Amino acid sequence: MKVRVKFKKTGIMKFIGHLDVMRYFQKVNRRAGVDIAYSGGFSPHQIMSFASPLGLGLTSEGEYLDMEILSTDTSDHMVKRMNETMAEGMEIVSFLLLPETAKPAMSVVAAADYLISQKEASAVTLPDGWQKTVESFLAQDVIPVLKKTKKNEKQIDIRPMVYQWELRDEGLFVKLSSGSAENLKPELLLEALYQYAGKEYPPYSLDICRLELYAGGEAEGEQPLIPLEAFGKKIEAPIPREVKEDMP
Amino acid sequence: MRKLALSDELLLSVEKPARYIGGEINEVIKDASRVDIRFCMCFPDVYEIGMSHLGIQILYDMFNRRDDIWCERVYSPWTDMDRLLREKQIPLFTLESQTPVKDMDFLGITIQYEMCYTNILQILDLSQIPLFAADRGEDCPIVIGGGPCTYNPEPIAEFFDMFYIGEGETVYYELMDLYKKIREEGGSRKDFLEQAAALPGIYIPAFYDVEYNEDGTLKSMAPNNPHAPARVVKQLVVDMRDTFYPEKPLVPFLKATQDRVVLEIQRGCIRGCRFCQAGMVYRPVRERDIEDLKQYAVKILENTGHDEISLSSLSSSDYTHLKELVYFLIEKFRQKDVNISLPSLRIDAFSLDVMSRVQDVKKSSLTFAPEAGSQRMRDVINKGLTEEVILEGAAEAFKGGWNKVKLYFMLGLPTETKEDMEGIAALANEVARVYYEVVPKEKRQGRVQVTSSTSFFIPKPFTPLQWASMFTKEQYLEKARTVNEAMKSQLNHKSLRYNWHEADVSVLEGVLARGDRRVSRGILDAYRRGCLFDSWSECFDNEKWMEAFAAQGIDVAFYNLRERSLEEVFPWDFIDTGVTKEFLKREWKRAMEGVVTPNCRAKCQGCGVRKFGGGVCFEGQS
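From first to last, the protein sequence lines stand for chains A and D. All residue numbers in the first sequence are consecutive under this note's numbering, ending with 752. All residue numbers in the second sequence are consecutive under this note's numbering, ending with 704.
None of these hints come from the bench; they were simulated from the model. In this text, all values refer to a predicted model and were calculated from it rather than measured experimentally. Ideal Cβ placement from N, Cα and C applies to all residues, glycine included. Do not rely on the hints blindly, as some may be mistaken.
As the list claims (entries may be wrong) - Capping the alpha-carbon separation at 30 Å, the derived lysine-lysine pairs in DSBU-like fashion look like this:
| hint | chain 1 | residue 1 | chain 2 | residue 2 |
| --- | --- | --- | --- | --- |
| 1 | D | Lys555 | A | Lys584 |
| 2 | A | Lys607 | A | Lys531 |
| 3 | D | Lys488 | D | Lys555 |
| 4 | D | Lys555 | A | Lys531 |
| 5 | D | Lys98 | A | Lys689 |
Unchecked claim - From chain D, some residues computed to sit far from chain A (all C-beta separations above 10 Å):
| hint | residue |
| --- | --- |
| 6 | Glu91 |
| 7 | Tyr195 |
| 8 | Lys301 |
| 9 | Pro496 |
| 10 | Arg515 |
This is chain D alone, in the form it adopts within the complex:
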């Protein structure tokens, strides 16, 4: 039986000790003396969140397919365990072998959202690994970051030895081979980093010098080491048939946030919404093979025992074989009592038919994401959903028995006016009106319920809206008030509900999203003041963050409120995502003019990703 790192008394004194014991179904255990590389994969949030992440499952499977690598896992210890580990000075350990993380060769951290940055410091700190890459010695693991936030790694650059920019399936094996080779040759940490810098997609922050202009903007960012390239090119899988899929994913004992089989059907998105980072950086669209997906579904359900399967991708309705796949899943698994959990789909006859088969219509609700309240505003962000389409979809759904609708919007978009904000309430009201219009009185099951939610728009790197200014907390709350007032004055106001997102988190996320290297001091200071689990409302402490920023001279207005010129050099410009800055500028200008841009299948806009030689850019040309 495996020995645990912690005693029974310690484990039983914290909430959910199962977070720290490993031993899950499909866990990989190897003989540590017979592997060359020990890799610890980390999701810097609590276990139940981290275990729900498909990316880690893919990489865990990919690494462990190799006999010479043992990939293990670690997640953020919750605050109760955090206190214990500090008090007893117990180094953070991996779940599989319960070995200190600091004894690993690599610590790979997936960075999915900005609000986990203090948790990254917690992981390093509890592992007893120096927080700054510059302070790490030959014995320390190589700390490597990956995931969406690495499209602007600068605010956390100094905490990492390297970043892997792009999809993990492509260069990791090469990187591991290189590590083995350098070690066999007796090379140093620096030797490894230098040679790794030459691999595509690998970014070593220490090999770049950053200079600033007097106004605080970036002057230049240039390699200080001959091995480092001027630009780091995003890595991606060109042919999705030619990749890994974990057929035996881990099955946690605790109920994970996603307690189901997740089937990734495609990567990328053809839509080109101008606010969406994923839609830009994951270009081009690459679909998975339908027959592969059917096989994965069958095998993974067998290997996990899950009773639910969900499809994952951006804009799932655009997957060419969606109908075939969904009907296959329903026919194959419904009688086996497997739930089919649908992604948000364009509301049409097909999706309504599917939904009525897999959900309880009376209990489930219909979701639309118009993102903005007026057509003008939707044209600015290039969200091709029209009021007509929403109302037609809603009408069909109401006839089919649904009476709950959820609408998602953003506030604080560039060029937004009072009319655009009030348009949110007006649209919600229209949806409610349609219900009373199409459902005769005797068939109504009480009142229709239209719930609108707004979040505050945060400009993200590598999007056409990356030049946009943000607002202050007070301005955001004023915007939410405007919507709230407008809701109350609608004819069907009794059927409308409205929620808005916290404003101070959005302000902070804005700084972290478009920050530069200097922001790292603020993150460290906030962590030292006790900030942790910032994405958890019960833990988030805005005051501490603002104190930390003030103490470190980090001006929120500089990052959020300033007008950025088209000529400005951005901290993330050194990354080549394939989408050119010229294209983004073109799209920004079109946004300001309120001109929409057709999707990738309708007409190629020459964004630049064609150079990768695959995906939607080459559809029908083979």
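Only chain A is shown next, with the shape it has when bound in the complex:
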């Protein structure tokens, strides 16, 4: 059976890269006794996949990983067991059963929410009246940026990839296109914003927190965006391992 685990990655965990987060969860599963399925062969690995790698330096309130498991306790117990062996800054939010037909999180991610805010006690501060700049920047019909790939650079318009934005007390909230089809990293948006204001974006100078990941249509308006968590169902009673009939 498949389960979807939602977790937070905050505080100093922002310095742990994606590959290390994967290794971290492999060990969490062992410590917490998650009955995860393994691939075969001489070096078997746990069958799990992450919805979307989070860049170094970003925090998140809504990360997802899908796992293939053989048996499970209730959702509440699994969350508790895993949280008992978490490092500071990592926290399991939910542990939900996926329908057999569910597609892997990785393949359905369509959008992500981010909150961009000023760092506490940082030398870099946002200029006065930055809200106005953001407003006029996002009021544009077209926001052209140079996107560098390994081979070449090309001009793209990122405005359609900004699905929603809002100025909040804590900072700037944006809902951005995410996933394999069209992916807008918040850093790229910030670079464009700073460029618009005639400045250069100092890397890592702002706090960027991913709030949620969504599945949904290819483009805005096509299908409603659904938080990845909504595909799962709470496990109310333990599910034992399937007993396989012995072959005669």
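Knowing the structure of chain A, use the given hints to seat chain D on it.
Same frame as chain A, but now just chain D:
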């Protein structure tokens, strides 16, 4: 949430910021206001190396079991972070509390290899602690060194307030109690050092004067303080049941060099290889209890979530219960998808059976360490492995499906001749020949691959070969060329591969291994010239080292090429490892005669460690 010493911008501007944030699973956090002693344990190399070291895990656990001590960690900041800390003048900090190291009571540095000496200076320097012990004031931490290199601490003696000679589990608690007592009494740093000098195993370099002969050799080394003993006796755990084992070792986020559970099965070695320092200074052999080990394995795997476990010891095949332990691990953990990583074992039916169960035979290779190419040379170094045994082992392995073999050798051993060097190639060729002999054509999976590697022999203190001369870089390279040429002329040369170790690092390691106090000036000068991470080939700068030595009047030939007489007083003679100099001399003479010496279980050779009252010396006598 813990506050970090560095800002996000700084951390995110370096490679692998996770090296500097702590917060790992099983990290120990205490309330600093409720402990009496702050101890910072340091491994002077990069985080991923330091985190792989079992010794630190043992001591970290041992100290933190006490409520009045908080033991934290620090590792060498990599070169990118090194630059940042200097530029911003940020003092080096501990991982746990992110407090400056200079605010600790103790800075304990484990010294595992000579090529980390400049990193020790880096740690002190970045911590803003004076490099010389003599310049440290009452507010500075007590800088204490431990580990294998303290069996000749002289080249770095002046940088340390004290050294702890031997296994850390025995005297550290006493030392901590003493520190508390002196502090409560309002005593000074000197008061503490004086009373500490009276503890067994503690060496305070400042309390000894060194005099030299006109020819530069050591004349004498004598205490200048009434509290300091003339000889410092190595400390060891006599009964391994009566010690600590970290059941909740730290689990790093970054992939450490040893990303697995390490189970130490025994200390010491019965074999008596004459080049091996570990085999001499860790005597006598003391085995851990098999039932204890089984329990540790289960608990540690549970507490860490590691998916691999490895056994650690010298000559693991000699552990009495090895079979039982290995089969227990396989039965208990294989179905849980835990990898069993085997130490290098004597190749026999047992090890081949085990290997075929835990490794992919097609991918894995078989390792032998004959150490020398000819039987004569192996007799000189007392490596009891014969060609017959190697070839029989290889034949069995080839029949079992293996087709890759690794062979390890040393070049530059005393009395070595051209024939001995060429013997390396000949032996490799024989191994390849055996493959074609025992594996029928239709069963061969391509060509057999025999990879031979040579390192240059470096004489180490407290070994029977401590009197041996070394060679120049050019001579070493000539030796490697001789082997390489011989490889090419072998019948099966297409199946043979040959690698050799860098020669200039070996020359330098030789000076640092058998150096005296005067060498410290060269180390400091090299550090000032920018030498750091010398064990990393991308960082090692031999030219700077040679310039530093020249500037400080340190003659490489004096330390490496000179013939040492049997009467010479060595800088490390003041340490009593239990193994007597008389025994070492006897063994040196036997080496020169090419006479082998049986192992400790076969026949006691009276090396001297029987005085410790435990281990293999008393087996079967209780």
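Going down the list of hints, with the structure as the test:
no.	hint	in the structure
1	D/Lys555 with A/Lys584	violated, 61 Å
2	A/Lys607 with A/Lys531	holds, 25 Å
3	D/Lys488 with D/Lys555	holds, 25 Å
4	D/Lys555 with A/Lys531	violated, 46 Å
5	D/Lys98 with A/Lys689	holds, 21 Å
6	Glu91	violated, 5 Å
7	Tyr195	holds, 27 Å
8	Lys301	holds, 54 Å
9	Pro496	holds, 43 Å
10	Arg515	holds, 30 Å
Checked against the numbered hints given earlier, this structure breaks hints 1, 4, 6; the rest are met.
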